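**Student:** Protein sequences appear in the order of chains C and Y. Using my numbering, the first residue of the first sequence is number 324, and each one after it goes up by one. Using my numbering, the first residue of the second sequence is number 757, and each one after it goes up by one.
What the hints contain is simulated information worked out from the structure, not anything from laboratory work. A quick note: this is a predicted structure, and the numbers were derived from the prediction, not measured. Quick reminder that beta carbons are idealized off the backbone N, C-alpha and C, glycines included. A few of these clues could be false.
As the list claims (entries may be wrong) - Covered stretches of chain Y, going by a simulated chain C footprint (3 or more residues, C-beta under 8 Å): (1) 820-832; (2) 842-849.
To be verified - Below, a sample of chain Y positions facing chain C; criterion: calculated Cβ distance under 7 Å: (3) M815; (4) T816; (5) F817; (6) L838.
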Amino acid sequence: MTMREVYLDHAATTPVLPEVAQAVHEHLVTAYGNPSSLHRFGRRARSAVDQARERVARAMAAEPEAIVFTSGGTEADNLAIRGVARRAGSGHIITSQIEHHAVLHTCEALETESFAVTYLPVDAQGRVRPEDVAAAIRKDTILVSIMAANNEVGTIQPLAEIGALCRERGVLLHSDAVQAFGQLPLDVGALNVDLMSISGHKVYGPKGIGALYVRRGIRLAPLMYGGGHERRRRPGTENVPGIVGLGMAAEIMQRELADRARSMAAVRDQLIRGIGETISDVVLNGHPVDRLPNNANFCFRYVEGESILLALDSKGIAASSGSACTSGALEPSHVLVAMGLPHDLAQGSVRFSVGRGTAAPDIEYVLSVLGPAIDRLRKMSPLYAERAGGGPRAGGTSLEG
Amino acid sequence: MAEASAYTDKVMEHFFNPRNVGEIEDPDGVGRVGNPVCGDVMKMEIKVKDGRIADIKFMTFGCGAAIATSSIVTEMVKGKTLEEAMAVNNRQVATALGGLPPAKLHCSNLAADALHKAIEDYRSRAKPAG
Numbered sequence: 324m325t326m327r328e329v330y331l332d333h334a335a336t337t338p339v340l341p342e343v344a345q346a347v348h349e350h351l352v353t354a355y356g357n358p359s360s361l362h363r364f365g366r367r368a369r370s371a372v373d374q375a376r377e378r379v380a381r382a383m384a385a386e387p388e389a390i391v392f393t394s395g396g397t398e399a400d401n402l403a404i405r406g407v408a409r410r411a412g413s414g415h416i417i418t419s420q421i422e423h424h425a426v427l428h429t430c431e432a433l434e435t436e437s438f439a440v441t442y443l444p445v446d447a448q449g450r451v452r453p454e455d456v457a458a459a460i461r462k463d464t465i466l467v468s469i470m471a472a473n474n475e476v477g478t479i480q481p482l483a484e485i486g487a488l489c490r491e492r493g494v495l496l497h498s499d500a501v502q503a504f505g506q507l508p509l510d511v512g513a514l515n516v517d518l519m520s521i522s523g524h525k526v527y528g529p530k531g532i533g534a535l536y537v538r539r540g541i542r543l544a545p546l547m548y549g550g551g552h553e554r555r556r557r558p559g560t561e562n563v564p565g566i567v568g569l570g571m572a573a574e575i576m577q578r579e580l581a582d583r584a585r586s587m588a589a590v591r592d593q594l595i596r597g598i599g600e601t602i603s604d605v606v607l608n609g610h611p612v613d614r615l616p617n618n619a620n621f622c623f624r625y626v627e628g629e630s631i632l633l634a635l636d637s638k639g640i641a642a643s644s645g646s647a648c649t650s651g652a653l654e655p656s657h658v659l660v661a662m663g664l665p666h667d668l669a670q671g672s673v674r675f676s677v678g679r680g681t682a683a684p685d686i687e688y689v690l691s692v693l694g695p696a697i698d699r700l701r702k703m704s705p706l707y708a709e710r711a712g713g714g715p716r717a718g719g720t721s722l723e724g
Numbered sequence: 757m758a759e760a761s762a763y764t765d766k767v768m769e770h771f772f773n774p775r776n777v778g779e780i781e782d783p784d785g786v787g788r789v790g791n792p793v794c795g796d797v798m799k800m801e802i803k804v805k806d807g808r809i810a811d812i813k814f815m816t817f818g819c820g821a822a823i824a825t826s827s828i829v830t831e832m833v834k835g836k837t838l839e840e841a842m843a844v845n846n847r848q849v850a851t852a853l854g855g856l857p858p859a860k861l862h863c864s865n866l867a868a869d870a871l872h873k874a875i876e877d878y879r880s881r882a883k884p885a886g
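Required output: the full structure, derived from the provided sequences and hints.
**Tutor:** As structure tokens, then:
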């Protein structure tokens, strides 16, 4: 008998949709031409890339010419931030403390060059305050980079407000929308976003493909040097199968967005409710309402995140934990720490991210496993034995009572 | 979590079936190491009889490695003399589990330290009585 498996780690990656996989396969095996070639094989590939560009553009209400295909979200973030910075030569960048490492580490690297960076704090629900962005803008600010929604706790950022004030102040705005794309309607014009990163494998497309939206008129220094591909913004023979896959996935995401968001939020809320009813001393991290429809992130007090993941994995359930072992110390998630959660509580965080295939029985199964697993770990925990019975101290929404 | 998949079968076996979990009523020695801020807390309690560890129990807050090292060290020293138990070190505990992922060798491998503290606690209590 095979073990029941429930995948609740869609924020890490998603399965490729069968029709997307088929299109990718076709462009690996049959329509394999190089889009730069003059002959019919090349023209076929070029037209596939053009079509994919239109599809990706449409999914964010952009012009096709504004889409630059990259190797993924990380490269898109690097191209946006380093592209703007290197083009400017020097200046000031504003970002937040809860960005993905693709943004944070890029900004940190620029600090070793002739750039200054402000890392804005967030509130207890993980939201950047637009007034903080406004206050941080200096004469020499060249770029603001704020994610559309957070990857760990799912909190949706007030991007439209930030976009409006950046536009008013004449500062470029980049947004890492890797998690939000396909889950929230994103209109680059309405949001006043100048640069926006997306990734294929978070939206049921292949890994190794992403895109950067670059508003018309913005010049970027390239990350790499080579041919004149992607309007001289990203050299290298196009990843045609990946591009086709991303285009198709983007179109499907766009088409079914409202329905999918509703159905994902329904099972996600079933999980939140169920955990609140069956497990004590739990905190829901992130914003209670303004969060991605697929995300539920909890701290289970008195137990550590990895041990929960191991217990879930042994029953076929996939989730993820914010904490990670580095040299010599267990580091809690930088996002939870920025939200003001105490380190000991942040150690017990677990992220569940549902997907388009997650159904009510999956959640029931998870709930049947999770309660006993937490109970078993708590019986082993000296912190649980010594607990003073205090309520949650900071950061999230208590699910008790 | 790459670390999790890097665990040996023996680590997983101890994680899922930990030996000697719990607390001892009226222990002769208690040792506690770590703090929740750095990720792991281990508490060892011992009962000593005729210079040997007659009983030992642990309570651990931490990752899979922290729980497995706590469990196996109780097995390694139960019935041993205090001198023998003092000679058990963290490296031997990791070896007994078939190894630990490199990232876990320091932060989550404190079980022997907790044991040694429990023995020291026993000895410090025993001293004034003669």
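**Student:** Quick check on the hint: F817 of chain Y CB to chain C CB, less than 7 Å?
**Tutor:** This hint holds: F817 of chain Y lies near chain C, its Cβ roughly 4 Å from the closest one there, short of 7 Å.
**Student:** Given a cut of 7 Å on the nearest C-beta pair, is the interface hint for M815 of chain Y held or broken against chain C?
**Tutor:** holds, 4 Å
**Student:** Taking beta carbons only, do three or more residues of the segment 842-849 of chain Y come closer than 8 Å to chain C?
**Tutor:** violated (count 0)
**Student:** Three residues minimum, CB to CB under 8 Å: does the segment 820-832 of chain Y make the cut for coverage by chain C? Let me know.
**Tutor:** holds (count 3)
**Student:** Would the hint on T816 of chain Y stand, with a C-beta cut-off of 7 Å toward chain C?
**Tutor:** Constraint on T816 of chain Y satisfied, holds at 6 Å.
**Student:** Hint validation: L838 of chain Y versus chain C, beta carbon distance must be below 7 Å. Holds or violated?
**Tutor:** violated, 23 Å
Violated hints, in rising order: 2 and 6; the structure is consistent with all others.
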